[in-house]
Amino acid sequence: MKWALPWQLHKAGILGMNCRNVDFIGRYNLRRFYPLVDDKLKTKLLAEEFGVATPQLRFVVRAQHEISHVEDRLLALEGFAIKPSRGSGGKGILVIIGRNGDKFVKASGAEISLEDIKRHLTNTLAGLYSLRGVPDVAIIEDLIEFDNTFKGYSHEGVPDIRIIVFRGYPVMAMLRLATHASDGKANLHQGAVGVGLDIATGQSLKAVQFSTPIELHPDTKKPLKDLSIPDWEAMLLLASRCYEMSNLGYIGTDIVLDRSRGAQLLELNARPGLSIQVANGRGLLPRLRHIEKIRKPHRSAEERVHYVMQTFSQHGL
Amino acid sequence: MISRAPFYTIIALLILVGLGSALTRHLQLGIPWLPGEQKQVWLIEARVDFNASGTAVLASLDLPDNPPGFTLLNEQAASPGYGFSIIENDGQRRGEWSKNTATGAQTLYYKAQFITDPDKPISRVERRPRVKEVFWDEPEATAATYVLELAQSKSSTPESLTRELIRLIQNPEPGQNTALLLSASSRVAALEKLLNQAGIPARIAIGLYLEDARRRQATTPMIEIFVDDRWLVFNPETGEQGLPENLLLWQRGGDSLLDVMGGSRSRVSFSMIEQTLPSLELAQTQFAGQGFAWLGVHTLPIEEQSMFKLLFLLPLGAMVVVFMRIIIGLKTSGTFMPILIALAFLQTSLGLGLISFVSIVAMGLVIRTYLSRLNLLLVSRIATLVILVVFLVSFLSLVGYQLGFSTGMTITFFPMIIIAWTIERMSILWEEEGPREVLTQGGGSLLVAVLAYLLMQLPISGHLTFNFPELNLVILALIMLMGQYTGYKFSELRRFRALLENQK
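These protein sequences, in sequence, are chains A and B.
Quick note on our numbering: the first sequence kicks off at 1 and runs consecutively.
Quick note on our numbering: the second sequence kicks off at 1001 and runs consecutively.
If you are wondering where the hints come from, they were derived from the structure by calculation, not from laboratory data.
Virtual Cβ for every residue (Gly too), placed ideally from N, Cα, C.
Treat the hints with caution; some may be incorrect.
Below, a list of computed lysine to any residue pairs in the SDA-like style, where the Cα atoms sit at most 20 Å apart [said to hold, decoys possible]:
#1 A:K118 - B:L1374
#2 A:K11 - B:Y1485
#3 A:K91 - B:V1438
#4 A:K118 - B:L1378
#5 A:K91 - B:P1435
#6 A:K106 - A:R58
#7 A:K11 - B:L1493
#8 A:K118 - B:L1377
#9 A:K91 - B:E1437
#10 A:K118 - B:E1431
#11 A:K2 - B:L1493
#12 B:K1331 - A:R20
#13 A:K91 - B:L1378
#14 A:K11 - B:R1494
#15 A:K91 - B:Q1441
#16 B:K1331 - A:F210
#17 A:K2 - B:L1500
#18 A:K2 - B:G1329
#19 A:K91 - B:G1434
#20 A:K2 - B:I1327
#21 A:K106 - B:E1431
#22 A:K91 - B:R1436
#23 B:K1331 - A:S211
#24 A:K2 - B:R1494
#25 A:K91 - B:W1421
#26 A:K11 - B:L1500
#27 B:K1331 - A:H189
#28 B:K1331 - A:M17
Listed below are several chain A residues computed to face chain B (Cβ distance under 7 Å; list not exhaustive) [unchecked claim]:
#29 P6
#30 Q8
#31 L9
#32 G16
#33 M17
#34 C19
#35 R119
#36 A126
#37 L128
#38 S211
#39 P213
#40 V278
Extracted from the complex, chain B is given alone in its bound form:
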C-alpha cells in the first residue's frame, strides 16, 4: 500500500494556496467575491472663482491629503489655459494653477473621487509636531492665562482639557475673560491658540459635510489635537470627540485654504454628488500595480484578457467532465469534446447552439454513410468531412440569416475538426454498436456539454475564475481528489442491481 500522505498534503496545499491567495487579494485589493457589487463613491468638486487683474496668476488650493475615513480614488483639475501641478510642501498638499496673464472672471475646477472607508486605520504620525508659538496682545494674554488655568483645574488629560476649553468658549453666557478672547478672534482660532499655549500641539482642520447633490456646501472648522502618536478630532461646537461619519477633512493644518496671486475677490465653493461604482472597477483603478495586483490578469491588454476569460473557465468544464464520468459514470464520445462544445455554446447561445450542433452532426452522418462506400483512406475521409462540415456550417448560416436568425456569425465558433471527428466516431459507432449506443454517447456528451455550459455561463463563475485565477488550484485539487475515488459510480448502482437481484 503506497502512503497517501504526500498526496493529501499536496491537495491540502493546493486548496490552501488557492483560497489563501484569493482571500489575500480580496482583502488587500478589495476585489469583490460577487460580480456587480457596488461601492459608495463621493465625487467632490472644488470651484475656485476670482477676478484676474491682468498680471501673472498663481492660484493655490489646499488639497485633501489622505483624509481619515476616506480613500482618494482619483483626482483631476480642469481649467483651460492654466498649468496645473500638485505640490507637496511641509506635509501639505496643494494644487497650483498658473497662467502668464489673465484678465476678468476666472473659474478653476478640481475634482476628486473618494471612497467611503470607515474601517480605514488611523494614520500614525512618527514625529510629534512642534507646539505653535502663541502671541497674545495684552489684555488678551492675561485673559487667556486665566481661562487656561480655569480649564486646567477641571481637567487631567489633553482630551479633557480640550473638552473643558470648548465648554468654556461655547458657554452662551461667557465669562468676562472668555468674552474678551472671543472679541479678538474666532472661537476656533482662540481654541487653537489656547491649546497650543497649554503645550498641546493643535491645529484647525477644515471639514466638508458630504450630502448628496449638495452645491456650495459650506466648510466646517474642526479642531485637532495631537495625543500620543495621532491626531484626534474634536467638534469645536459641541466638544464631541471623533470624526462624524460623513465629514471629510479637506484641509488639516496649513495656512490657508486658498491663495490667489494676481487676482482679487477669490473664493472657493464645494459641490458634491454621491455615486455608486462597481467594486471591481474601483479595485482595478485603485490598486493598479500594487501588491498582489500583478497576479491578476487585468494588467494584460484587453484582447488577451478576453482570451483568458475563456481560458480560465476551462478548468470548471474539465471538473464537470471528470465528475460526470467518474462519479456519475456517464458515457461521452471523446473525453473532453463536451468542454469544447460547451465553450462553443458560450459564444452562440444554448438553444441555437444545440440546434445547430445536432443538425450539423446529423447531416454529417448522412453524408458520411455515402463516404464509407467510396472506400477512402481514413485521413482523407476525415479531411473530406472537415471540408463538408465547413460547407454545412456556411449553408446553415445562410439559411439562418435568410430566416432572420443571426446564427451566421456565432455558428462558426464550433470547432470544425472536432465536429468532423465526432461525425466519424458516431458513424463507426452506429455501424458497430447500433444507433442506441450513438444516442447514449451523443446524448451523454451533449448533457455534459450543457451542464458545463450552464455552470460556465453563471456570472459568478466567470467573475471568480477571471478575477481570482488562483481558485483554479482548488478546482485542480478537487479533480485530483476525484481521481482517487474508488467508490461505485452512480451508473454502477444500476448496472449491478441485476446481480443483487439474481442472488436472491
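Next up, chain A with everything else stripped away, as it sits in the complex:
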C-alpha cells in the first residue's frame, strides 16, 4: 500500500493539516495571543507569573554590542543553552554541556570556539533563526540535567515530552528522543524517535522512527517498550496549566524532566505538528471532537487532568 485513501484516514480519525489549521488553530487560537508563544522570552516571563516551572533564565543578549563582552558571563556557567527567542522548529538552539580548555563542548561532543558562539549570537540577533527573519534576542538559560529514567534513551540532546493540550485538556502525548540521525534534534521528520505515551498513565505505547515502528533505540539499543514517565500526573498538570497561561485553545507543550527540578516547560507551540499521531498509532480527531462537545469545561487544571485520565485510555477513545 503506497497511498492511503482519504476515507481510510478519516475512519482512523486522523487530523490533517488543513483541518488542523481551519478547525482548531483558526478557531481556538486567537491571533493576538500568538506573540506570547512565538517569543520564548515572553513565554518564560509569563510562565513565572503563572507558577509554571521553566529552565532558569541566566541572561538575555539583546544588542550586538553586548556580544563583545559576553565572554565573562558565559565562562561563569558550566553548561548552558543559547536559544533564539523567536526561533521555530528547534532552529538556532545551541547547547553547551561543558568546556575543554578554551573550547566549548557541544551536546554532540564537537568543540567550538568562543568566536563560533559569538557568530551564532550575531546570527540570532540579526534574525537568521526567527520566524520571519525579524531581529531577535538570544536567551541564555540553564542546561537541563535530564532524569535518570531517560538514561540511555537519548543520543545527545534532551528527551522532551510533547503534549497536545486542547481547551486545557491534555489529549495526546509523546516522548521525543534525539538520535544520531536527527543530529541531537527532537523533530520526528529529522529522524528523532517518537514514543507514543498513554495519556492516562504515561506508559509507552509504541515507538516510531521515520514513521516505521521500532522496538529499540537505534543508537543505544535500549528497549523502548517498557518506558514509563515518572510523576505523570504532575506533567499533565503542567501542560494543562499552559492553557490559562497562554489563552490558546490548541497548543503543543514541550516539557522536559529535570533531575532535581522536576517537570519544566521548555516552550509552547501554537501550531503543533501532526506526527504525534504516527507515534501514538491513532488519530487525534475523535479525542478533539470529544473535548469540543463538552458543554461546561472543567475550571481547574486538576479537574481537567482527572477527567482526561479517566476518559481517555489506551483502549477507549
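Add chain B to chain A, keeping to what the hints say.
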C-alpha cells in the same frame, strides 16, 4: 460553530459577478472567448468618376445608413484636394466632396468596412412615414387605377398586395394596362408609385450583392414597404419577401445615389473584397468608449496595457500555488516565490529560464558557503549576495552571448532580491536539514513555478485574464474556497499511510 452562510454567499456573489460581467461584455461588446477568433468583414469601395468642367465641384454620394444585416465598422474617404464631409439630412446620410475648381477626369473614393451580422435586430421606425404623392399622366392614371384594383381584389394585406403587384408587373405577357405603365417608367419605379397610390408608404432601395473580389458590381434595386413599425424588403423581380443574405442595402429611399454639380458624365462603381479580421480587434474598434467598454483595459496606453497583461496573470499563478500547497501539499521555499519565478520564465523561455535559474542558485550556494565563514551580519550578507547575483547574471549573460544564446537580455528579468533570498534560505536549509530538504523544497518550488508558467503561457489564459479581468473574481472565489478546505492533503495520504499500516 460559526455560520458559513455569509461566506458562501460572498463566494457565490464573486463567481456570479465575475461570470456575469464577462458574459455581458462578451454579448454586448462581442469580445470573443477564444483568442484568434475571426470574423467576416466586407471592405466595399465606391468609386465616383466624372469630368469636371472647370468650375466649383460638389459631388454628393448617398452613404449606407445602418443597413439591415450589417454593421458599419469604419469608413473613410480618399480624394486628394477635395474637402469631405458627411451630412445627415432628412434621414439620409450623404458624403459630400467639394473643391473650388477642378478640370478634367476626377476620381473620388469612399471606403467602408462592414461586419456581417445576421442576428442584428431590425430597426423600428417610430413615426410612420408619409405616403408619397403620386402623379400619373393620362392615360397611365386610368391604367394604374385599373391595375391596382385588379391586384387589390386578389389581396388582403399590404404584403400580399405588394406580391400581387410584382406578379402583375413581372408577367411575361403583361396585360394592356400593365404594358402601358411599364412603357412610361421602369418596373421598380412603377411599383413604388402603385404602392404609394394604394396608401402604403413605399420606397426604392439600392442594394449591392456582396461577392468576394468583385469589381464594378452592379446595383440591384429592391422595393421596401412600410408595415406596422418597420420597413419590409421585397425583391421586385421575384416578389420574394425578406433580405437576401449577401445583399447590402446601400441606399434606402432618397432621391439619387449620386449628384455631381460642376461635372458631367458622372458614375459610381462598387468593388468589394472579403476580409477576415480578429474578432478582438473588431470589438475594440467597434465599441470604443461604449457601454461596458470602460471596464476593459484597452483604453489605457499600450505601455500600461502590457504591464496589466502580466499583472492579471498573477491571480492564476497564485491559484496554482494555493492548490499545490493546500490540496496537494507540496513544499515550496517561500510561499509565493514560485509565481515570481514563473513570471520570469514568461519573459525568458522555459528551458533557458530553468537552466539559468538553477545555475545561478547553485553558484550562489557555493559562494554562500564561503560567506558564512566571514561572519557577516545578516543584512550585509544578503546585500553581498544580491550584488554577487547581479555579477553572476551578467557573467552568465556574457557567456551565453559568446555561445550564441541571446539569454543576455532575458535573464535579467529574474528578480535579483528574490534569488538572493532563495540562496540564503537554501543555504541555511542545507546546513540545518541537509541537502535532501534543499532538493525537496527547491524542487517543489520549481515544479510549482513550471506548472504556473505552463498555465500562464497558454494563449487562452492571457486572453481571458486580459480581456475579461473580472474573471479574476472567479479565481479569487476559488482561492477562498480552497482556504476553507479541511480535507486531507494529497501528500498526507502518503504521510499517514504508515499509521494505518502500523495499526494492522
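Against the structure, the hints:
As the CA atoms of K118 (chain A) and L1374 (chain B) are separated by approximately 13 Å, the hinted pair is consistent with the 20 Å bound. Taken as a hint, the K11 (chain A) and Y1485 (chain B) pair is honoured in the structure, with Cα atoms around 18 Å apart against an allowance of 20 Å. For the hint pairing K91 (chain A) with V1438 (chain B), the CA-to-CA distance comes to about 16 Å; that is within 20 Å, so the pair holds. For a cut-off of 20 Å, the pair hint linking K118 (chain A) to L1378 (chain B) stands: about 14 Å separates their Cα positions.
Of the pairs offered as hints, the one joining K91 (chain A) and P1435 (chain B) holds, with about 16 Å between alpha carbons and a cut-off of 20 Å not exceeded. Distance restraint check for K106 (chain A) and R58 (chain A): the Cα-Cα separation of roughly 18 Å lies within the 20 Å cut-off, and the hinted pair is therefore satisfied. Between K11 (chain A) and L1493 (chain B), the direct Cα distance comes to roughly 13 Å. Compliance with the 20 Å bound is thereby established for this hinted pair. Under the criterion of a C-alpha separation no larger than 20 Å, the hint pairing K118 (chain A) with L1377 (chain B) is consistent with the structure, at around 12 Å.
Taken as a hint, the K91 (chain A) and E1437 (chain B) pair is honoured in the structure, with Cα atoms around 15 Å apart against an allowance of 20 Å. Among the hinted pairs, K118 (chain A) with E1431 (chain B) is consistent with the structure: their alpha-carbon atoms are about 18 Å apart, no more than 20 Å. Proximity of K2 (chain A) to L1493 (chain B) is assessed by CA-CA distance (about 9 Å); at most 20 Å being required, the pair is judged to hold. Annotation: proposed proximity of K1331 (chain B) to R20 (chain A) holds, straight-line Cα distance about 17 Å (limit 20 Å).
Between the alpha carbons of K91 (chain A) and L1378 (chain B) the distance comes to roughly 16 Å, so the proposed pair stays at or under 20 Å and holds. For the proposed pair K11 (chain A) and R1494 (chain B), the alpha carbon gap of about 16 Å is at most 20 Å, so the pair holds. Between K91 (chain A) and Q1441 (chain B), the direct Cα distance comes to roughly 17 Å. Compliance with the 20 Å bound is thereby established for this hinted pair. Between K1331 (chain B) and F210 (chain A), the direct Cα distance comes to roughly 18 Å. Compliance with the 20 Å bound is thereby established for this hinted pair.
For the hint linking K2 (chain A) to L1500 (chain B), the alpha-carbon distance of about 11 Å falls within 20 Å, and the restraint holds. Between K2 (chain A) and G1329 (chain B), the direct Cα distance comes to roughly 16 Å. Compliance with the 20 Å bound is thereby established for this hinted pair. At roughly 13 Å between alpha-carbon atoms, K91 (chain A) and G1434 (chain B) fall within 20 Å of each other, so this suggested pair holds. Proximity of K2 (chain A) to I1327 (chain B) is assessed by CA-CA distance (about 18 Å); at most 20 Å being required, the pair is judged to hold.
Distance restraint check for K106 (chain A) and E1431 (chain B): the Cα-Cα separation of roughly 16 Å lies within the 20 Å cut-off, and the hinted pair is therefore satisfied. With a C-alpha separation of about 17 Å, the suggested pair K91 (chain A) and R1436 (chain B) falls inside the 20 Å cut-off, and the hint holds. Between K1331 (chain B) and S211 (chain A) the CA atoms are separated by roughly 19 Å; this keeps the pair inside 20 Å, and the hint holds. Between K2 (chain A) and R1494 (chain B) the alpha-carbon distance is near 7 Å, which keeps this suggested pair within the 20 Å criterion.
Between K91 (chain A) and W1421 (chain B), the direct Cα distance comes to roughly 18 Å. Compliance with the 20 Å bound is thereby established for this hinted pair. Pair hint K11 (chain A) plus L1500 (chain B) holds up; C-alpha atoms about 10 Å apart against a cutoff of 20 Å. Taking the CA atoms of K1331 (chain B) and H189 (chain A), the gap is near 14 Å; set against the 20 Å cutoff, the hint holds. For the hint linking K1331 (chain B) to M17 (chain A), the alpha-carbon distance of about 13 Å falls within 20 Å, and the restraint holds.
Using the Cβ-Cβ criterion of 7 Å, the hint placing P6 (chain A) at the interface with chain B is satisfied: the shortest such distance is roughly 5 Å. Look at Q8 (chain A): its Cβ gets to within about 6 Å of chain B, closer than 7 Å, so that hint holds up. Interface restraint check: L9 (chain A) against chain B, minimum CB-CB distance 6 Å, threshold 7 Å, status holds. Because the beta carbon of G16 (chain A) sits about 4 Å from the nearest beta carbon in chain B, less than 7 Å, this interface hint is met.
About 6 Å separates the beta-carbon of M17 (chain A) from the nearest beta-carbon of chain B, less than 7 Å, and the hint is met. With 7 Å as the threshold, the beta carbon of C19 (chain A) comes within range of chain B, its nearest partner Cβ sitting at about 4 Å, so the hint holds. The closest approach between the C-beta of R119 (chain A) and any C-beta of chain B is roughly 5 Å, which is under the 7 Å cut-off, so the hint is satisfied. Checking A126 (chain A) against chain B by beta carbon gives a least distance of about 3 Å; that is within 7 Å, so the hint holds.
Because the closest C-beta pair between L128 (chain A) and chain B is about 5 Å apart, less than 7 Å, the hint holds. Interface restraint check for S211 (chain A): the shortest CB-CB distance to chain B comes to about 4 Å, inside 7 Å, so the restraint holds. At about 5 Å, the closest approach between the beta carbon of P213 (chain A) and any beta carbon in chain B falls short of 7 Å, and the interface hint on this residue holds. Annotation: interface hint on V278 (chain A) holds; nearest CB of chain B at approximately 5 Å, less than 7 Å.
This entry satisfies every hint, going by the numbered hints stated previously.
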